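Enquirer: So you can see what is in the structure, the chains are spelled out below.
Protein chains: 4
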Amino acid sequence: MLRQHEMTVRVRYKETDAMGVLHHANYFVYFELGRTELLRASGGNYRKMEEGGLLVVVVKAECRFRRPAHYDDLLTLRTTVLRVTRAKIEQQCEVLRDGECLAVGHVTLAVVDRSGKVQPVPDWLREEEDET
Amino acid sequence: MLRQHEMTVRVRYKETDAMGVLHHANYFVYFELGRTELLRASGGNYRKMEEGGLLVVVVKAECRFRRPAHYDDLLTLRTTVLRVTRAKIEQQCEVLRDGECLAVGHVTLAVVDRSGKVQPVPDWLREEEDET
Amino acid sequence: MLRQHEMTVRVRYKETDAMGVLHHANYFVYFELGRTELLRASGGNYRKMEEGGLLVVVVKAECRFRRPAHYDDLLTLRTTVLRVTRAKIEQQCEVLRDGECLAVGHVTLAVVDRSGKVQPVPDWLREEEDET
Amino acid sequence: MLRQHEMTVRVRYKETDAMGVLHHANYFVYFELGRTELLRASGGNYRKMEEGGLLVVVVKAECRFRRPAHYDDLLTLRTTVLRVTRAKIEQQCEVLRDGECLAVGHVTLAVVDRSGKVQPVPDWLREEEDET
Numbered sequence: 308m309l310r311q312h313e314m315t316v317r318v319r320y321k322e323t324d325a326m327g328v329l330h331h332a333n334y335f336v337y338f339e340l341g342r343t344e345l346l347r348a349s350g351g352n353y354r355k356m357e358e359g360g361l362l363v364v365v366v367k368a369e370c371r372f373r374r375p376a377h378y379d380d381l382l383t384l385r386t387t388v389l390r391v392t393r394a395k396i397e398q399q400c401e402v403l404r405d406g407e408c409l410a411v412g413h414v415t416l417a418v419v420d421r422s423g424k425v426q427p428v429p430d431w432l433r434e435e436e437d438e439t
Numbered sequence: 308m309l310r311q312h313e314m315t316v317r318v319r320y321k322e323t324d325a326m327g328v329l330h331h332a333n334y335f336v337y338f339e340l341g342r343t344e345l346l347r348a349s350g351g352n353y354r355k356m357e358e359g360g361l362l363v364v365v366v367k368a369e370c371r372f373r374r375p376a377h378y379d380d381l382l383t384l385r386t387t388v389l390r391v392t393r394a395k396i397e398q399q400c401e402v403l404r405d406g407e408c409l410a411v412g413h414v415t416l417a418v419v420d421r422s423g424k425v426q427p428v429p430d431w432l433r434e435e436e437d438e439t
Numbered sequence: 308m309l310r311q312h313e314m315t316v317r318v319r320y321k322e323t324d325a326m327g328v329l330h331h332a333n334y335f336v337y338f339e340l341g342r343t344e345l346l347r348a349s350g351g352n353y354r355k356m357e358e359g360g361l362l363v364v365v366v367k368a369e370c371r372f373r374r375p376a377h378y379d380d381l382l383t384l385r386t387t388v389l390r391v392t393r394a395k396i397e398q399q400c401e402v403l404r405d406g407e408c409l410a411v412g413h414v415t416l417a418v419v420d421r422s423g424k425v426q427p428v429p430d431w432l433r434e435e436e437d438e439t
Numbered sequence: 308m309l310r311q312h313e314m315t316v317r318v319r320y321k322e323t324d325a326m327g328v329l330h331h332a333n334y335f336v337y338f339e340l341g342r343t344e345l346l347r348a349s350g351g352n353y354r355k356m357e358e359g360g361l362l363v364v365v366v367k368a369e370c371r372f373r374r375p376a377h378y379d380d381l382l383t384l385r386t387t388v389l390r391v392t393r394a395k396i397e398q399q400c401e402v403l404r405d406g407e408c409l410a411v412g413h414v415t416l417a418v419v420d421r422s423g424k425v426q427p428v429p430d431w432l433r434e435e436e437d438e439t
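Chains as they are written, first to last, in our numbering: chain A, 308 to 439; chain B, 308 to 439; chain C, 308 to 439; chain D, 308 to 439.
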């Protein structure tokens with residue numbers, strides 16, 4: 308899997324709140340977009356993983372909010388794989404606007420089957436892609 | 308099933324947008340709360356219906372927005388069953404604040420099985436409850 | 308303003324529900340994306356309109372749901388301006404997947420000022436763009 | 308302000324995702340409900356605080372997810388004020404179902420004015436209510 312991935316996302320009106328800013332819970336939704344696209348860019352596909360019976364669940368999520376984002380802002384999501392073991396995947400997700408970091412999150416993921424039983428993280432998610 | 312049901316819902320901060328009002332898409336979420344609780348008040352339970360293999364899907368939804376709702380407003384949802392046939396259920400949902408109508412919606416529902424195939428509306432949903 | 312605009316949107320995991328499909332209320336969020344981008348493609352910018360004191364509000368919204376959309380589906384939003392008068396804007400929004408229409412919506416919009424008072428639709432929103 | 312507050316919240320269909328569980332981002336929305344109602348139970352009102360020009364913003368949010376919640380679950384939100392200084396408020400929010408803890412979150416809040424400038428936490432938020 309790729310170690311890092313960047314994509315852009317534009318803040319939707321629905322995602323703002325009465326303070327006129329991107330509501331903080333939506334950052335966690337953005338982190339999810341980031342890891343979906345990191346997986347796709349690595350040649351994987353989360354939808355196919357699920358159809359194959361493996362679900363990726365969030366075990367822990369955290370975010371530090373530094374500056375607000377606003378409606379229509381074009382943000383960059385930079386997702387970095389920090390660590391992958393047989394038990395879990397740790398990712399960092401930075402939200403940037405014009406190079407300035409607005410928020411930094413960390414998410415710990417585990418893999419489970421349909422019944423919710425923890426499964427080992429598949430090998431192909433653990434191998435770092437050779438970018439040379 | 309009961310013909311009419313009322314419940315209250317308080318506008319969440321997350322449900323507001325940068326205009327400082329309840330975002331219009333959330334009214335459709337409220338309508339869903341209204342019909343869930345109408346069903347419960349009638350002695351039914353949507354969760355059990357689903358577990359039994361019958362899903363209620365929205366075929367058409369519409370809403371006229373008259374006045375905005377704001378954060379922390381305590382709203383009344385009045386759900387009225389307009390018509391139930393073997394093919395569909397038609398409901399009206401009014402959103403009120405202090406007796407004033409802010410929005411009126413109409414939703415048409417159908418019943419399907421897990422594969423998405425249309426099923427007849429169960430008898431117990433079609434029978435009007437004798438309130439005498 | 309352009310009469311028609313198309314864009315794509317990918318269904319987010321957060322937008323699905325326990326039925327495994329795109330929750331119906333999210334179609335109205337997509338319609339909003341469609342009209343934002345139609346405006347941008349026409350040389351306008353909704354954010355700047357708001358900063359200038361004019362807000363576009365939804366007066367009526369309606370959608371017919373024909374087939375479900377699923378997580379990760381790449382959908383096409385086709386927004387068509389049906390009618391623009393001094394009082395309101397009427398748009399149609401079709402949601403398509405591989406050319407198949409999943410849902411068709413209609414939205415009626417009005418223009419208000421910060422205090423909520425109805426304003427005439429600005430001329431530049433009423434003039435059809437000359438595409439020749 | 309009260310040190311601890313409990314309220315219930317029922318999981319909405321819209322809040323579930325294709326895994327059939329409460330989507331993890333919604334826990335942060337629940338935490339917000341918990342602190343709004345803790346404030347109200349303490350005799351305060353967040354809406355009035357905002358109208359008075361003071362906004363409470365989330366500086367950091369974190370959650371550990373232990374077990375999934377499902378549609379229609381009636382959950383208990385237990386909000387505990389851990390620490391209040393002139394600079395920030397630290398709260399813990401536990402999400403329970405039938406006494407079992409499903410998730411534990413921690414949120415750090417700061418107070419800002421309309422321009423986003425940090426303000427001291429008002430005295431009345433810092434004083435512990437005498438429950439005797």
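Hints were generated in silico from the structure; no laboratory data involved. Do not take every clue at face value.
Because identical chains cannot be distinguished in the list, a pair is counted as satisfied if it fits within a single copy or across any two copies.
[Stated by the list, open to error] In silico lysine to aspartate or glutamate, DMTMM-like type, Cα no more than 25 Å apart, as pairs:
1. 395 <-> 405
2. 367 <-> 434
3. 395 <-> 430
4. 424 <-> 380
5. 424 <-> 357
6. 367 <-> 405
7. 424 <-> 407
8. 395 <-> 379
9. 424 <-> 379
10. 424 <-> 313
11. 395 <-> 380
12. 367 <-> 379
13. 395 <-> 358
14. 395 <-> 407
15. 367 <-> 380
16. 355 <-> 407
17. 355 <-> 420
Owing to the predicted nature of the structure, the values given are computational and were not obtained by experimental measurement.
Enquirer: Against this structure, judge whether each hint is valid.
Expert: Evaluation of the provided hints:
In the homo-oligomer, the alpha carbons of residue 395 and residue 405 never lie at most 25 Å apart, since the shortest distance is 32 Å inside one protomer and 29 Å across protomers. For a Cα distance limit of 25 Å, the shortest separation of residue 367 from residue 434 inside one copy, 22 Å, qualifies, whereas the shortest one across copies, 32 Å, does not. Only within a single protomer do residue 395 and residue 430 lie at most 25 Å apart by alpha-carbon distance; the minimum there is 12 Å, versus 43 Å between protomers. Taking identical chains as interchangeable, the C-alpha atoms of residue 424 and residue 380 lie at most 25 Å apart only when they sit on different chains, with a minimum of 21 Å there against 40 Å within one chain.
Taking the closest pair of Cα atoms, residue 424 and residue 357 come within 25 Å of each other both inside a single copy (14 Å) and across two copies (23 Å). When the C-alpha separation of residue 367 and residue 405 is checked against a cutoff of 25 Å, the pair qualifies only between copies, where the shortest distance is 22 Å, while the shortest distance within a copy is 28 Å. For a Cα distance limit of 25 Å, the shortest separation of residue 424 from residue 407 across copies, 18 Å, qualifies, whereas the shortest one inside one copy, 40 Å, does not. Taking the closest pair of Cα atoms, residue 395 and residue 379 come within 25 Å of each other only across two copies (23 Å); inside a single copy the shortest separation is 34 Å, beyond that limit.
Proximity of residue 424 to residue 379 under the C-alpha cut-off of 25 Å is restricted to the inter-copy arrangement: shortest distance 23 Å between copies versus 40 Å within a copy. In this homomeric assembly, residue 424 and residue 313 never come within 25 Å of each other (Cα to Cα): the closest approach is 31 Å inside a single copy and 31 Å across copies. Within a single copy, residue 395 and residue 380 get their C-alpha atoms no closer than 33 Å, and across copies no closer than 27 Å, so neither meets the 25 Å cut-off. Taking the closest pair of Cα atoms, residue 367 and residue 379 come within 25 Å of each other only across two copies (23 Å); inside a single copy the shortest separation is 29 Å, beyond that limit.
Taking identical chains as interchangeable, the C-alpha atoms of residue 395 and residue 358 lie at most 25 Å apart only when both belong to the same chain, with a minimum of 20 Å there against 32 Å between chains. Taking the shortest Cα distances, residue 395 and residue 407 sit within 25 Å of each other only across copies (24 Å), while inside one copy they are farther apart (30 Å). In this homomeric assembly, residue 367 and residue 380 come within 25 Å of each other (Cα to Cα) only across copies, at 21 Å, whereas the closest approach inside a single copy is 27 Å. For the homomeric pair residue 355 and residue 407, the shortest alpha-carbon distance between copies (22 Å) is at most 25 Å, but the shortest distance inside one copy (35 Å) is not.
In the homo-oligomer, the alpha carbons of residue 355 and residue 420 lie at most 25 Å apart both inside one protomer (13 Å) and across protomers (24 Å), since each shortest distance falls under that limit.
Going down the numbered hints, you'll see the structure goes against 1, 10 and 11, while the others check out.
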